[in-house]
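Peer 1: Here's the letter readout for the chains.
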Amino acid sequence: MEDIAKGIQTQFKDMGIEVPLEEIEERLDKLVNKFKVPTNEARKNTVNVLLKQYNVDKNEFFNQSKPATMSNIADVKADQWVNVDIKVVQLWDNSNSSISQVGLVGDSTGRIKFIKWARDNLPDVEEGKSYRFSNVVVNEWNGKLELTLNRTSSVEPLATDIDAGSTSAGSPEECQVSDLNQENMWANLKAKVVQLWDNSNEAISQVGILGDESGTIKFIKWSRDDLPDVEEGRSYLFSNVVVNEWNGKYEVTLNRTSSIEPLEEDIDTSFQPQGSAEDCLLSELRQENMWANIEAKVVQLWDNSNDAISQVGILGDKTGTIKFIKWSRDDLPDVEEGQVYRFNNIVVNEWNGNYEVILNRTTTIEPLSEEIEVGANSFQGAMIDIQDGSGLIKRCPECNRALTKGACMEHGKVDGNYDLRIKAVLDNGETVQDVLLNREITEKLTGITLEEAINLAADALDQTVVVSKMREDLVGKYYCVEGSLADRYLIAKSIEPLSTVDMEKVDELIADLEVA
Amino acid sequence: MSTYVREVAKRMFAKEFRNSDLSFREGDDVYSPQYLLTPTGARVNRLFIVGTLIEKENIGNEAEYWRGRVTDPTGTFTIYAGQYQPEAAQLLSECETPAFVAVAGKPSVYETPDGDTITSIRPESISIVDGNTRDMWVVDTAIQTINRLHNLDGSDSYVVRAKEHYNTDKGSYSSIVLDALKSLKEQI
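Which chain is which? The protein sequence lines are A and B, in order. This note's numbering applies: residue 148 is where the first sequence begins, and numbers increase by one. This note's numbering applies: residue 675 is where the second sequence begins, and numbers increase by one.
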């Protein structure tokens with residue numbers, strides 16, 4: 148922090164302006180420590196504030212750029228302007244039209260990614276040839292440095308060949324599926340293609356599951372690598388494959404140097420995803436890969452834009468609710484909202500601490516005539532809106548309907564009774580839930596009683612000051628609501644503001660990402 | 675569709691939003707909703723962000739037109755509020771900076787004459803919140819981004835389109851998420 152502050156001070160000193168260090172540090176400290184602003188943004192903002200305060204022209208300030216210097220790849224640092232002599236080691240596939248070329252360049256000291264933008268109209272480079280890149284910027288992207296060519300850069304072919312080191316990878320060993328437990332490990336593998344998955348991604352040629360007697364693993368074959376296709380149920384020797392890790396799970400990636408040879412022998416895949424299904428309540432579905440039979444009501448069907456998914460929504464029984472997914476490939480009959488069904492042979496999946504019911508090829512769906520009372524529902528999310536018709540309202544003394552502009556839809560102009568309520572929109576990023584809070588819960592949540600609300604409105608001569616104040620206090624924050632579903636509304640029995648971060652969850656997420 | 679369905683407010687970090695430039699309409703009449711497709715395959719008609727408002731400026735001439743910059747652990751969101759966002763414009767004109775704010779709004783994409791695209795948010799609502807809410811949003815957004823990354827190998831047509839357009843590097847987005855989560859641990 149002190150270094151950044153001193154850096155800013157020096158920059159201003161170069162312009163002939165003396166800024167006290169404490170002033171810079173105070174602003175930085177407030178932004179970074181109190182307001183959680185990332186250091187680089189805090190630095191920019193502090194500079195901007197000072198520029199304004201001392202009336203300095205932005206362009207003049209930022210144009211004190213330094214000339215580019217000749218550098219080795221190993222020595223480049225973020226934000227530097229450099230000239231480098233390099234060889235193009237690899238050009239990558241690129242479908243982004245704003246990027247002209249992207250890949251890997253290297254010299255004898257190391258390798259670095261480079262990007263050339265379409266807008267800059269620079270000449271193309273070729274794999275294996277050597278060039279001098281002049282006036283390029285070193286950027287940092289996710290902790291890795293990269294060279295970005297820009298309008299002022301130049302690309303000149305070199306007559307001499309730049310040594311960019313050897314490209315050898317580790318020599319692969321014969322492995323079993325259970326041995327593939329290390330990122331970037333190269334291997335040869337004898338395995339059977341257990342499953343091929345539907346795949347509409349043109350970049351992927353085939354994707355599915357490989358297995359041997361030690362276990363199963365996902366594999367991906369890319370279109371660009373032009374490898375022969377494999378068949379479900381056949382065994383192959385896969386040579387020179389790489390292991391990737393994603394979300395704590397390993398997968399096998401085939402590449403340009405891989406080979407696929409069919410085997411005569413049949414690889415034994417003795418593991419079986421089996422389990423006998425028992426009748427369960429929804430609250431008992433708390434174990435990944437568990438098989439079960441359930442009787443439940445379809446509480447909600449969600450909009451679904453994913454072709455691979457046939458239906459997705461919420462099932463409920465007396466113990467609560469759970470998300471379910473029905474895949475298109477499994478060709479199961481459609482279910483209807485509000486109807487009760489018996490589902491035999493479903494699988495439980497866990498995702499981010501939530502359990503979900505996955506229907507599969509072996510699942511059966513039978514409509515039942517009985518009715519099921521769905522247990523308490525809860526919803527967690529951010530309140531992103533409070534709708535009109537919230538706050539202080541008037542109700543018809545005859546039918547208790549909320550009045551619009553002093554009139555009841557049924558009974559016309561009446562002298563209504565005051566009430567408090569909130570129609571809130573909660574949103575968890577995946578679904579929207581309308582929530583209705585009655586007077587008692589509204590009073591508790593807002594700390595404003597009906598009497599106080601009436602007084603507020605009377606003082607302002609405006610009934611809408613109440614809802615405005617509620618919006619100000621409540622919107623934008625996270626809540627957990629429990630209640631019962633009626634139509635599109637969740638009628639709240641309780642609402643709790645959520646205001647502490649679950650640090651254990653954060654640690655868990657960090658650990659998951661770090662192994663990947 | 676028989677009933678009006680409110681669009682979900684998607685969560686994404688500033689860096690992903692900034693890297694997004696593929697917008698399209700679903701359907702062909704003028705009332706069809708407009709979407710922004712992000713590198714991890716989020717189809718965005720509305721988004722919800724919580725961050726620090728570090729700068730605000732009235733850049734309008736006669737009518738007020740406010741520009742605000744809101745930072746999260748990965749970068750900056752730009753928000754614009756004018757006469758059609760009166761409540762948001764009023765809050766921007768009255769509030770102090772820095773301040774924690776929650777914003778729900780519509781994504782908007784602008785192409786500069788140079789061919790660069792600039793994304794910004796037109797707020798529907800904006801409110802002052804506390805630091806804890808901001809941290810909860812970081813966790814929320816991390817989880818939603820991880821979910822999208824997890825689905826990136828799937829065959830959803832939007833995901834496929836996103837990957838074709840952006841050549842999405844899963845690793846770089848998971849490290850964006852990782853850095854954002856780690857920043858929560860560095861706080862006092």
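Treat the hints with care, since some could be wrong.
Pair by pair, the computed Cβ-Cβ distance ranges are [stated by the list, open to error]:
1. Glu165(A) <-> Ala773(B): 26 to 36 angstroms
2. Leu448(A) <-> Arg699(B): 18 to 28 angstroms
3. Gly789(B) <-> Glu520(A): 51 to 61 angstroms
4. Ser706(B) <-> Asp150(A): 12 to 22 angstroms
5. Gly536(A) <-> Gln708(B): 47 to 57 angstroms
6. Asp310(A) <-> Glu700(B): 49 to 59 angstroms
7. Ala773(B) <-> Thr186(A): 18 to 28 angstroms
8. Ser706(B) <-> Ser244(A): 46 to 56 angstroms
9. Leu305(A) <-> Gly805(B): 47 to 57 angstroms
The calculated lysine-lysine pairs, modelled on DSSO-like cross-linking and capped at a C-alpha distance of 30 angstroms, are [stated by the list, open to error]:
10. Lys470(A) <-> Lys365(A)
11. Lys177(A) <-> Lys844(B)
12. Lys181(A) <-> Lys859(B)
13. Lys396(A) <-> Lys844(B)
14. Lys844(B) <-> Lys224(A)
15. Lys260(A) <-> Lys276(A)
16. Lys181(A) <-> Lys396(A)
17. Lys844(B) <-> Lys652(A)
18. Lys570(A) <-> Lys780(B)
19. Lys652(A) <-> Lys640(A)
20. Lys859(B) <-> Lys396(A)
21. Lys780(B) <-> Lys224(A)
22. Lys844(B) <-> Lys365(A)
23. Lys856(B) <-> Lys177(A)
24. Lys260(A) <-> Lys780(B)
25. Lys844(B) <-> Lys205(A)
26. Lys199(A) <-> Lys181(A)
27. Lys224(A) <-> Lys177(A)
28. Lys616(A) <-> Lys780(B)
29. Lys337(A) <-> Lys859(B)
Honestly, the hints are just simulated from the structure, not real lab data. Just so you know, these numbers come straight off a predicted model, no measurement behind them. Where is the CB? At the ideal position from N, CA and C, for every residue including glycine.
Peer 1: Does each hint fit the structure? Answer for all of them.
Peer 2: These are the hints, each one checked on the structure:
For the pair Glu165(A) and Ala773(B), the supplied restraint of 26 to 36 angstroms holds, since their beta-carbon distance comes to about 30 angstroms. Between Leu448(A) and Arg699(B) the CB atoms are about 25 angstroms apart, so this pair conforms to the stated range of 18 to 28 angstroms. A beta carbon spacing of about 59 angstroms between Gly789(B) and Glu520(A) agrees with the range 51 to 61 angstroms that was offered as a hint. For Ser706(B) and Asp150(A), the Cβ-Cβ distance of about 52 angstroms falls outside the hinted range of 12 to 22 angstroms, so the restraint is violated.
Distance hint check for Gly536(A) and Gln708(B): the Cβ-Cβ separation is about 28 angstroms, which falls outside the suggested range of 47 to 57 angstroms. For the pair Asp310(A) and Glu700(B), the beta carbons lie near 53 angstroms from each other, so the given range of 49 to 59 angstroms is met. Between Ala773(B) and Thr186(A) the C-beta distance comes to about 19 angstroms, which sits within the given range of 18 to 28 angstroms. Separation of Ser706(B) from Ser244(A) is about 24 angstroms and departs from the stated range, judged on CB atoms against 46 to 56 angstroms.
Taking the beta carbon of each, Leu305(A) and Gly805(B) are about 54 angstroms apart, inside 47 to 57 angstroms as hinted. Under the criterion of a C-alpha separation no larger than 30 angstroms, the hint pairing Lys470(A) with Lys365(A) is consistent with the structure, at around 25 angstroms. With a C-alpha separation of about 34 angstroms, the suggested pair Lys177(A) and Lys844(B) falls outside the 30 angstroms cut-off, and the hint is violated. Between Lys181(A) and Lys859(B) the CA atoms are separated by roughly 14 angstroms; this keeps the pair inside 30 angstroms, and the hint holds.
The hinted pair formed by Lys396(A) and Lys844(B) meets the criterion: a straight-line CA distance of about 14 angstroms does not exceed 30 angstroms. Distance restraint check for Lys844(B) and Lys224(A): the Cα-Cα separation of roughly 24 angstroms lies within the 30 angstroms cut-off, and the hinted pair is therefore satisfied. A hinted pair counts as satisfied when its Cα atoms are at most 30 angstroms apart, and Lys260(A) with Lys276(A) qualifies at roughly 16 angstroms. The straight-line distance between the Cα atoms of Lys181(A) and Lys396(A) is roughly 38 angstroms, outside the 30 angstroms bound, and the hint therefore fails.
Proximity of Lys844(B) to Lys652(A) is assessed by CA-CA distance (about 22 angstroms); at most 30 angstroms being required, the pair is judged to hold. For the suggested pair Lys570(A) and Lys780(B), the alpha carbons sit about 21 angstroms apart, so the restraint of at most 30 angstroms is met. Under the criterion of a C-alpha separation no larger than 30 angstroms, the hint pairing Lys652(A) with Lys640(A) is consistent with the structure, at around 27 angstroms. At roughly 25 angstroms between alpha-carbon atoms, Lys859(B) and Lys396(A) fall within 30 angstroms of each other, so this suggested pair holds.
Simply put, Lys780(B) and Lys224(A) have alpha-carbon atoms about 38 angstroms apart, too far for the 30 angstroms limit, and the pair is violated. Pair hint Lys844(B) plus Lys365(A) holds up; C-alpha atoms about 17 angstroms apart against a cutoff of 30 angstroms. Simply put, Lys856(B) and Lys177(A) have alpha-carbon atoms about 20 angstroms apart, close enough for the 30 angstroms limit, and the pair holds. Pair hint Lys260(A) plus Lys780(B) does not hold up; C-alpha atoms about 34 angstroms apart against a cutoff of 30 angstroms.
Restraint check for Lys844(B) and Lys205(A): not satisfied, since their Cα atoms lie roughly 36 angstroms apart, outside the 30 angstroms limit. Distance hint between Lys199(A) and Lys181(A) is fulfilled; the C-alpha atoms sit about 23 angstroms from each other, no more than 30 angstroms. Under the criterion of a C-alpha separation no larger than 30 angstroms, the hint pairing Lys224(A) with Lys177(A) is consistent with the structure, at around 28 angstroms. Only pairs whose Cα atoms come within 30 angstroms are accepted, and Lys616(A) paired with Lys780(B) is accepted, the gap being roughly 24 angstroms.
Under the criterion of a C-alpha separation no larger than 30 angstroms, the hint pairing Lys337(A) with Lys859(B) is inconsistent with the structure, at around 44 angstroms.
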